[in-house]
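A.B. asks: Turn these sequences into a full structure, and let the hints guide you.
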Amino acid sequence: MDLTLTAITNSVEQKTEANGGQTSGNKAIIDAQLQQINGDDGAVENLGNGLDNQSVDISTLEQRSRNPESFLWSELIQSHFGGKALAIMDSLMALGRLSASQLRDKNPNFTLKEVKLILVSLLQLRLVKSVDDTSLGKRKITYYLHDEEGLYILLYSGLILNEINEKFPNASSKEEITNDQASAATIVENIIAVGSLSLKDYLTSCGSQAPKHDIIATFVKLIESGYLIPINKLNYTPLNDLWNLIYEKEYKLIPRNSPMSDLKKRNEAKGKAKLQFLDLIGNVNDLTKTIMVDPKTSLKTVKPLIPLTFNLERFLKSRRSKQLIKFAKSRLGGMSAIVYKTALAITEQKSPNVVNPMFKTGLLQDLDEAESFREESILEEEKTSGLSFSALDISKHLPKDIDLRGSLVALHNRDKNNNNKRSNPSSDSENIKKKIKTEDGFVIPALPKHITDKIQDEDVEENVEEEEQEDDAMMDLDFDEDDTDPRSITYIQGHLKLLAKSSMPFLQESKPGVYHIPYTKLMESLRSTNYNYLIASTLGPSAMRICRCIAANKLVSEKVINSTALMKEKDIRSTISSLIKYNVVEIQEVPRTVDRSAARAVFLFRIKEKHSYAFMRQNLEWNIANLLHKKETLKENNATLLMKANREDVKGREAELLLPSELNQLKMIKERELNAYVRISRVISLWEIFNFI
Amino acid sequence: MSDNIELSDVARELHSHMIKSGASGSRLFTQKELQDKLPGNNPTLADLMLIVQELLDKNLIKLVKQNNELKFQAVDFQEAAKKSTMSNEESLVYSYIEASGREGIWSKTIKARTNLHQHVVLKCLKSLESQRYVKSVKSVKYPTRKIYMLYHLQPSVEVTGGPWFTEGELDVEFINSLLTIVWRFVAQNSFPNGFQTTTSNGEGNKNSQYAPNVRSYSTAQEILDFISAAGVANVELSTANIRSLCTVLVYDDRLEEVEFDCYRATLTSLAQLTGPGENMYGSNKLLDEMDEFSIFDYHSTMGPTETDKEAVYFDEWAL
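Residue numbers (the working numbering), protein chains in the order written: chain A, 1 to 693; chain B, 694 to 1012.
Source of the hints: derived by calculation from the structure; they are not laboratory data. Don't be surprised by glycine CBs; every beta carbon is placed ideally from N, CA and C. Any given hint could be a false lead.
To be verified - Mimicking PhoX-like on lysine-lysine, the simulated pairs with C-alpha atoms at most 20 angstroms apart in a straight line are:
| # | chain 1 | residue 1 | chain 2 | residue 2 |
| --- | --- | --- | --- | --- |
| 1 | A | K568 | B | K831 |
| 2 | B | K751 | B | K776 |
| 3 | B | K831 | A | K559 |
| 4 | B | K1002 | A | K635 |
| 5 | A | K559 | B | K834 |
| 6 | A | K667 | B | K1002 |
| 7 | A | K570 | B | K834 |
| 8 | B | K831 | A | K570 |
| 9 | B | K834 | A | K568 |
| 10 | A | K670 | B | K1002 |
What the hints assert, rightly or not - Estimated spans, in silico, between C-beta atoms of each pair:
| # | chain 1 | residue 1 | chain 2 | residue 2 | range |
| --- | --- | --- | --- | --- | --- |
| 11 | A | E371 | B | R908 | 29 to 39 angstroms |
| 12 | B | L749 | A | E558 | 43 to 53 angstroms |
| 13 | B | S870 | A | E371 | 43 to 53 angstroms |
C.D. replies: Next up, the structure:
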């Protein structure tokens, strides 16, 4: 989608308020910000005009006051499933877990049967999870709560299919029609559409003409690469409840009369529960449960009756890789990024989950636990087999048509110049030589020629020695610029070293020549760099400068910013005020008088990443929702025309049956829809950084 | 000038002795030392007092109290002549300004110390200024205060705020041009092709880098040498100044600090130079992510048009 519309504008831009009493005050600030963003680009003019003509669409106050998360999910459900599902989901999102009868009470328009019917389809699509509660009396009550995983799959659906298409391209485009059913994207599309499918179901729905072996092979591929997993109860159980269940069970198993203190008991139960929990979660990807060897053909096949579902975790890993590749490209350029891409591709499947399941258990509340999780995951990244690689591994998987020659230069320009000078010592150099004068005007006569020659010879010898030492150093690194192999190991090693030496921890060298990707640390820099650039692109480069200045100095006063960021105090104040508006910077007041008078107090600034990221995530989330909303309104406004264009007898013969103005309108709708999709996918690519990755 | 001032021989001798023995007359003498220097056998304190009084009257000697001990300092004839032309009030004001050295003194402080009426102080300052004995300078710390110091003195760094201030104001233009120069110098050393990354023969498309063993960074000293050699700054800069410039560039993400005092230009900063549509990172069909939207390329995107109904705004929600 991105390819088709390269000239589409930036996805996150300033919005100017076109109405309301604040306009005059805001306009000046916003114009100044816009100038910072766009320089002398035409965009300022455009938006300036927009202000006058009031042509910029401003969402209503009602929309703006909505919680971004529920706004996004409601828009998604509304556009995919319509009003009934929305009503149920809205109550679940607003009120948390509810039983079916409670849901009916909240939505008096529905009968209990209807509610249950809707719940069944929502459960199938993994939009709702359920949990049984027996604590109140003997009767079992089933509570339902919304499941974000299903919602994420909905949100990502287009990107998922795109990704699957990229990873598992159709074998041959000629037989497209017959092979369509065997293409990975079609299979995944079907699975997403119904929630879960077994191989047998899929085959029966395809009919007898379908290329059965191709379909099975694609299924096997998808399962082996982790995109499909068998569905089980875990997918419908909230992880937090599962954790509590296991923990409680373990805690109760410890005998009451044991001499241990309660704290010790709890810790022991926690330790045991962790093991069980991870074991349960890890079991999901056990291939032996789903794949077997067909006794007839002795080919790998999928057990036909196991229902399979899409594995969001796996998809998020590939999203993470994409983000990292973009990041590497921006820091180290295309060639290193290709090497990095290869490294990521090798390790992607075994890489640690984007969201650690333990994080959903609520254990992170404890600071010690949070720290130990962090340390554990750092250790795991290094120790887990399959996550480390060397240049040799990369060379096996590098794209065939890559040419790394010329991507690395082994001699610095300044050294080149020095070499040239030495190789042809110009006769001028002697003439230019400065005459040395003593203070009282006595000129020191030049040394006799045979002596200068001798000195020069010594110099040259020294230089040669130095150069030899340098050469030795180069030999150690084994780098040869004249290597003729376009995919030579030395080049790969060079790029890997660059990645490891970069200021961002793209790679870590665990043993000489063996690298791994330090996800835990890398994600932090990925997030902060993305955040800073988002700020720079919207609030201007000076905002980023102040932001990074505060981050580097932890807690600063205006004076410190003034002296370290070398900005005028007036500019600092105006920039900081906008930074505070977007929760980038926090103010700390240091009162200097007993009555805490604001006039005499000193104000310090600091950055709390968690808060600013959360705000940014919500902001982006709201924008995705708003885009979806705009798209839906557009469709609603043109409902008659769209209905007409979609009629069976009109389809394919639009040019004959529709008026030219209708055709134009239709074109405009399509363009705007496409526009909205492009922007949604762009904003998603920013939002996911703060949401999962 | 010395001829204009009439002095007894003994006093003149003592004065010239004091000027000669102390480097530029700044040495302090104790009473005992002066007594020893007097000619004749066993000169008494009374003799000394007479001579010192004579010198004091002619403004040729200054009394300084150090560690609760009275000390004497010679004043050269020029300085003395200057003082002799001043009125009493003027010389009082002058002495306070002189004592403040390179830090300068606030006009209100002078008033408080001298116990003179404000009008008198202002009159004195005006006359001293017109005779070019003192000057007023702008302080960075207190921009509203009038600070006075001796005419021939250079204000201290505290007062001027260092090289980044011109007449008490942060010279943003000067800083920005220096930032650009520093960045260009470092960038030239960080990438083999310097700024010609996209050359016409197409080879530049393959954006090349220095191998990891090449020293591609620049040290603060190198940058300083370059700037001094180019002669772009009319003020004296130190490595500390360069370091603070580099820190600003690091905040801008245009440089990154490799090690202490060693800086490299970032690739993103280089990409910001190129206009919209040009791909700085080298285009390659092997990398689909090349064409995908990335916030790091924000500078090469265009703003939304007026008719664009789907534009997303950063501040729409937060408005």
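A.B. asks: With reference to the structure, classify each hint as holding or not holding.
C.D. replies: How the hints compare with the structure:
1. A:K568 x B:K831: Since the Cα atoms of A:K568 and B:K831 sit roughly 17 angstroms apart, the hinted pair holds (cutoff 20 angstroms).
2. B:K751 x B:K776: Since the Cα atoms of B:K751 and B:K776 sit roughly 9 angstroms apart, the hinted pair holds (cutoff 20 angstroms).
3. B:K831 x A:K559: Given pair B:K831, A:K559 holds - Cα atoms ~18 angstroms apart, limit 20 angstroms.
4. B:K1002 x A:K635: 14 angstroms, holds
5. A:K559 x B:K834: 11 angstroms, holds
6. A:K667 x B:K1002: 15 angstroms, holds
7. A:K570 x B:K834: Since the Cα atoms of A:K570 and B:K834 sit roughly 15 angstroms apart, the hinted pair holds (cutoff 20 angstroms).
8. B:K831 x A:K570: 19 angstroms, holds
9. B:K834 x A:K568: 14 angstroms, holds
10. A:K670 x B:K1002: 13 angstroms, holds
11. A:E371 x B:R908: 29 to 39 angstroms: 38 angstroms, holds
12. B:L749 x A:E558: 43 to 53 angstroms: 50 angstroms, holds
13. B:S870 x A:E371: 43 to 53 angstroms: Holds - the Cβ-Cβ distance for B:S870 and A:E371, about 47 angstroms, lies within 43 to 53 angstroms.
Comparing the model with each earlier hint shows no violations; every hint is respected.
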